[in-house]
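> Note that the protein sequences, when read in sequence, are chains A and B. For any residue, its number in the working numbering is found by taking its place in the first sequence, counting from 1, and adding 54. For any residue, its number in the working numbering is found by taking its place in the second sequence, counting from 1, and adding 210.
It is possible that some hints are incorrect.
Unchecked claim - Examples of chain B residues lying across from chain A (beta carbon under 10 Å, computed):
no., residue
1, 211
2, 233
3, 241
4, 285
5, 422
6, 434
7, 439
8, 460
9, 461
10, 469
11, 474
12, 477
Worth flagging that the hints you see were computed from the coordinates, not collected in a lab. As the structure is a computational prediction, the values presented were derived from the model and not from experiment. Here a beta-carbon is modelled for each residue, glycine too, at the ideal position from N, C-alpha and C.
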Amino acid sequence: MKLFEYQAKEQFVKAGIPIPEGQVASTVEEAVQVAERIGSPVVVKAQVLQGGRGKAGLIRKANTLEEVRKAAEGIFQAGKGVQKVLVEKAVPFNRELYLAIALEPRDAKALVMASSEGGIEIEQVAAEHPEKIIRYTVDIHRGVLPFHSRSIAFDLGIEGEGARRFAAVLEGLWKVFRTCDAELAEINPLFLTDGNVLVAGDGKLSIDDNSLFRHPEFEPGPESFESPIAYEAYKEGIPYLQFDGDISLMCAGAGLTTTVYDLIHYEGGTVANYLEFGGPNYRKGLRAMELCLANNPRVVLIVSFGTIARADVMAQGIVEAVQKLKPSCPIVACIRGTGEEEAQKILKDAGIEPLSDTEEAVRIAVRYTREFSDAPVKQPVGDPSRSKGATL
Amino acid sequence: MSVFIDRNTRVLVQGITGSEGSFWTKHMRGIGTSVVAGVTPGKEGQQVEGIPVYHTVRRALREHPADAAMLFVPPKFTLDAVFEALDSGIRKIVTIADGIPLQEAVQIRGAALSCGARVIGGNTSGVITPGKAMMGMFPYWIERVYKSGTIGVMTRSGSLTNEITAMIVRGGFGVSTLVGVGGDAVPGTRFVEMLPDFQADPDTEAVVIIGELGGTMEEEVAEAMEEGVFTKPVVAFLAGRTAPEGKRMGHAGAIVSGGKGTVKSKIAALERAGAYVADRPSRIGELLRTALGRGPV
């Protein structure tokens, strides 16, 4: 789970990493008050999880209080879903560096990365000039040692007092990485000032989802999700991704759901949402269907090939959901795996045709999005071929 | 012969008294696996399917020598359980746990690498040699999926594996051994580390790789093919060709970030190395027949 910049910087402060003076604000008025207190010039930064904020006009510099007002107004209007801005004192810097800690799965170690060419083009630098990224793998138990800090500081061209300060920043970032169970802890840019002082200009902190159970302090609210439905799904423990197409996926298993997602695109269809109700969630058919229908999809496509997720239980859940929720769109179901014979019978008895081939199910679903694109909202549930006859 | 497990492999089950543990222990026995003992702290003296249960791995091994440990242990206790097995000298471990904290997965893999052990998982169904033995959870009774044959399978997925394996069987083949390395970002064992076993296995004619977006495991297979470490035919299916950058497609390891881990780059690497890549599951059988120089079904 990604944290907002201001949350990342709270962790930086605890670990002794210097950040610019500033405060988060939820309204234009608050933003102006913060600027008044800390003094201009300031930078007003949208607190959103997407990257490329600078290029999207979601980070603006302001020299006067009037400019702060305008910048904050512009940002709150520009970015959809901007709930907060961070108002920070502008830092006069000499250089922009890059510093990050991630994991290196192959060597089973942590990976420290640094570059003297930090800033918004870092991904391009990494792609075109990989030699400009300094890399050290670090044993997760031993952590960063003085030689790591020393070596990286020298390679970045930082010496003397600056090198000592760099060591403190790197050690602080390591502490953040470990104590927060991060999968990525990144400072970009890391400002180096004329006086050889280092200040974290930005902060990116991504917490490992599997470790969230021991970090109640990072419990995400609705603002961390792409849509209210995505937040509802998160609270249910149901894996969910929001898209804006026609077909709602209610599948089981990450790999299979992703494959169905691909197959829909091959057939020229579009996806409304990705939802997995396999694994521990296979008894949640009703709730999963509710979440899918909240997108007003043209079709709900159900594909599974489960082992633990019993097909008969899933089929039962789907039938109950259809009877209770009375969806107005067709349901296409292809449920296989443990208990599949029973599942087929359950679906058939409820008037839903049980399919057994994934690619056929995808083709049918995509076809329905076209056939029913102008159809009236009310259609008999479960048997779209019959409903088509009725609406003609 | 087979890869990783056969009927002679003596398996210890950690977490045997839980609902998953006891259910799948029954089925591991059902297919022919030699399950010698179980472990659940505090439950010594009980039996599961007639298999004796002990408090600790050491106490179990005192009575029942074992070659491998099968873990049905929740994610937050997996690090401890893996280290308990390693401490007792077991060097083959399968863990199904879905949700092992990432930095603990790094420690598990690190420990396995340093003592020459093989830890398969987490977030996997396990390992199966159809008709002989399995460590994990596979519906081996569905014959159109788990038929014995000559195709080795390595996978990052579960349900998709049932789908693809059914296509292997539909193409007129069966499975020698299937190894689920799991869907996590830091799996205990990587695809490339299993290749020498499949290369040496006389029962394996070709290998099917079921990969997906994210990470570099598929590219590592391509490297091994180019270096001549693996010379048998390879057919691959990769999920997430059309997935957008920055979205995590279900599995922790399935994410493209900073332009890395795209399916496109994986396909390019595999095809350059001589692998056949199926764009949809239904093409697996046909590509296997081409790769092995057989005519149409």
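> Compare the structure with each hint and give your call.
Hint by hint, here is what the structure shows:
no.: 1; hint: 211; verdict: violated, 26 Å
no.: 2; hint: 233; verdict: holds, 9 Å
no.: 3; hint: 241; verdict: violated, 14 Å
no.: 4; hint: 285; verdict: holds, 7 Å
no.: 5; hint: 422; verdict: holds, 6 Å
no.: 6; hint: 434; verdict: violated, 13 Å
no.: 7; hint: 439; verdict: violated, 16 Å
no.: 8; hint: 460; verdict: holds, 3 Å
no.: 9; hint: 461; verdict: holds, 4 Å
no.: 10; hint: 469; verdict: holds, 6 Å
no.: 11; hint: 474; verdict: violated, 12 Å
no.: 12; hint: 477; verdict: violated, 12 Å
Checked against the numbered hints above, the structure breaks hints 1, 3, 6, 7, 11, 12 and satisfies the rest.
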